[in-house]
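Please build the complex by placing chain C on the supplied structure of chain Y, with the hints as guidance.
Chain by chain, the residues:
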Amino acid sequence: MERYRVNLMLCGGTGCIASGSLKIKDALADEIKKRGLQNEISLTLTGCNGFCAQGPILIVHPDEIFYEKLTPDDIPYLVEEHFIKGRPVQKFMYKEPEKRAAVPTMNDIPFFKYQVLRALRNKGLIDPENIEDYIARDGYMAAAKALLEMTPEEIIKEVKESGLRGRGGAGFPTGLKWELCARVQADQKYILCNGDEGDPGAFMDRSIMEADPHVVLEGMIIGAKAIGANKGYIYVRAEYPLAVRRLQKAIDQAKEYGLLGENILNSGFSLDIEIYQGAGAFVCGEETALMRSIEGKRGMPIPRPPFPVVKGLWGKPTVLNNVETYANIPQIILNGAEWFRSLGTEKSTGTKVFALTGAVNNVGLIEVPMGIPLRTIIYDIGGGIKKGRKFKAVQLGGPSGGCIPESLLDTPVTYEDIVKTGAIVGSGGMVVMDDSNCMVNVARFFLEFTTEESCGKCPPCRIGTRVMLDKLIDITEGRGREGDIELLEDLAQDIIKTSLCGLGQTAPNPVLTTIRYFRDEYESHIYEGWCKAGVCRELSTFYIDAEKCKGCGVCAKACPQDAITGEKKKPHSIDQSLCIKCRTCYEKCKFGAVKVGPRDMFKEEMEEVEA
Amino acid sequence: MPRLTIEDLKRIKEQHKAKTALREGAYRVKVTVHMGTCGLAAGAREIMNVIMDELQKAGTTDVVVTTSGCAGLCSREPMITVEMLNSPPVKYCDLNEEKARKITKEHIIGGNVVEELAFVQGCETSY
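In order, the protein sequences belong to chains Y and C. Under my numbering, read the first sequence as residues 129 to 739, first letter to last. Under my numbering, read the second sequence as residues 2 to 128, first letter to last.
Next comes chain Y alone, as it looks inside the complex:
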């Protein structure tokens, strides 16, 4: 890295952006260039400094000088005085208030420190049921720009250059999708939004629709202009009643203000948007199935090509994008492709929203620059593993994704790097699992889900996943045999290769990744009759380690079977004939004295008792 004489840290917190720090950035960059100081002075946008009321804030290193409430007009003078003549400008400096609250700032708390909000920029700031709140935060300005000042080609060019890729899971370049659809001549085209969000553990789309419904509409207006559509549908699952209500209210308000409907903003462009409620079938998140569902038919995928951009809803050219994809569009139009690319990596630009859940301390909705390591997300933003337990795996991409182990936690979160691990970025569900999880059982859980949700149209998916699931059930219930692992791997490849749609093509991923990274667990289930996590009942025996037991009696009190006995302050023991393997004692023990042994641990003793 080059060394600079002066490093300028300009605050990029929501508060400072609102008070104009992006204008300050442009003014500073201009002035630095004008004076030929590019090689001496660096300019960086930083996280929030917690002095939002004083914004925009500029910190100058190494002098550690703190400037506040800057305006673009101040900049030439500031650069001249401070950076050329070396005289810091007193009148722009921060004055220490008498008493500052001893409350940590966003930069002190890792949960906030590593996040950058773009798609979620209005989260928790605006009233989602008040369109004027949205307008006050530059809402519909991008739509106005796109409708009044830009041609469809210019919109597509900007989105293409931004590098934005579909946030729903597949990561297809959004600009390219729009271009393909724009090229097709047709009397009618459709723009659709996918709010079906079916992955267990994912809730980012719901949160965006609930917190900022207008941004979805605005993204759709811009997309509609780009491809030449005048009718749109938002497909939302009926299990999201609050999202449906707020979206409907947003549509009604936008219509009332003339931001939807005929001749929007006197631009001559018209667009009508309706909500279509899905009944919650997972396969309806697949684009062709979703379109069939809107047509009122049974939600089943059809073979592609022809692709929906050519022949989609009711046989007309159709673009379908995910909620989060649309939420990124207005900012790209307003700030430009270059701005969007300033975060992320070459091939995975911008930020990604994740629903962080599972065994982490901070469960929530986060937005991070692409390329951030998984470890930072889990240990800094997520605050590490709950109850001081050990990390085991992180599940990315839901039933289509995979489990990533500890050894790969430094993988940067980009579409390319995550695929190499066998998982996918997916829509953004991120489920963290600790060492109390059995990975074979996790694979079984996800496969149960996909088997249940398979639409049944193509045999590899309908039958193949069922056969794989039966094998997994056998393994977790103690009937595993030699060759089962290889059979699973083999079947998985066939299902991936021959399934019609994304559901079947990705369904084996959770099984494949768990075999890849946790093969020893499969083997101990099959060959040792031992589920070391104590999850599979048929393959575990709970016993008390006499050396570790303090005789506190917590386990005995908690046991629903009264199977645990022992004197106070002396090691307790479990009566195996009464134990139902409910794991209660294992979870309650504070000293790690309850342990999990293999199925046949006390086999001989038990046989003696019976005899």
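What the hints contain is simulated information worked out from the structure, not anything from laboratory work. Just so it is clear, the structure is predicted and the values come from calculations on it, not from any experiment. Hints should not be assumed to be uniformly reliable.
[Stated by the list, open to error] For lysine-lysine, the following DSS-like pairs were computed, each having C-alpha atoms within a straight-line distance of at most 30 Å:
| # | chain 1 | residue 1 | chain 2 | residue 2 |
| --- | --- | --- | --- | --- |
| 1 | Y | K241 | C | K58 |
| 2 | Y | K219 | C | K106 |
| 3 | Y | K518 | Y | K678 |
| 4 | Y | K685 | Y | K697 |
[Claimed, not checked] Listing some non-contacts, in silico: residues in chain Y with all C-beta distances to chain C over 12 Å:
| # | residue |
| --- | --- |
| 5 | S170 |
| 6 | A181 |
| 7 | D315 |
| 8 | K475 |
| 9 | P587 |
| 10 | E605 |
| 11 | A620 |
Note that the Cβ used here is the ideal one computed from N, Cα and C, for glycine as well.
Frame of chain Y; chain C shown alone:
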């Protein structure tokens, strides 16, 4: 409503900003209760009622109470953000009735941050 033009849009933006901005002689404090599905499930509505109740009892008129979506940290809901003229916004989380009453009395009405309950101050990064 007649057809909106881009000038109207800009006018609404400025007017709404001016209307909702905190300033002397008008609204001095803005309280945002985060009401996404996570907040509502954790009891955000009750927190809202408690705050309104305390404000009513005190006869306060310079506080605006509004609702918003999820603030991001779903495991620490219910959450509120208190913004006061000339200071950064402060977030409080894991609220219950008792905490909400205390915050309303001491911070929202009294103007002093309840340090032992405050979680974080400032805005999130959004460049």
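Test the statement that D315 of chain Y is away from the interface with chain C: the closest C-beta pair must be farther apart than 12 Å. 26 Å, holds
Between K241 of chain Y and K58 of chain C, does the CA-CA distance stay at or below 30 Å? Not satisfied, since the Cα-Cα distance of roughly 38 Å exceeds 30 Å.
| message | Confirm or reject: P587 of chain Y is not an interface residue toward chain C, with every Cβ-Cβ distance exceeding 12 Å. | response | The claim stands: P587 of chain Y keeps its Cβ more than 12 Å from every Cβ of chain C (closest is about 38 Å).
Status of the stated non-contact between A620 of chain Y and chain C (beta carbon gap over 12 Å): Check passes; 34 Å lies beyond 12 Å.
Would you check the hint for K685 of chain Y and K697 of chain Y, treating anything up to 30 Å between C-alpha atoms as holding?
14 Å, holds
Notebook entry, point to check: K518 of chain Y and K678 of chain Y: Cα distance at most 30 Å?
Noted result: 23 Å, holds
- Is it correct that the beta-carbon of A181 of chain Y has no partner in chain C closer than or equal to 12 Å? 5 Å, violated
Notebook entry, point to check: Quick one, are K219 of chain Y and K106 of chain C close enough, alpha carbons at most 30 Å?
Noted result: Given that 30 Å is the threshold and the Cα spacing comes to 37 Å, the pair is violated.
Does the claim that E605 of chain Y lies outside the interface with chain C hold up, using a Cβ gap greater than 12 Å? Answer for E605 of chain Y: holds, closest chain C Cβ roughly 34 Å.
Closest CB of chain C to the CB of S170 of chain Y still more than 12 Å away = 15 Å, holds
Legend entry - Nearest-CB test (12 Å) between chain C and K475 of chain Y: Since the minimum Cβ distance to chain C is about 21 Å, K475 of chain Y lies beyond 12 Å and the statement holds.
Hint violations for this structure: numbers 1, 2, 6, all remaining hints satisfied.
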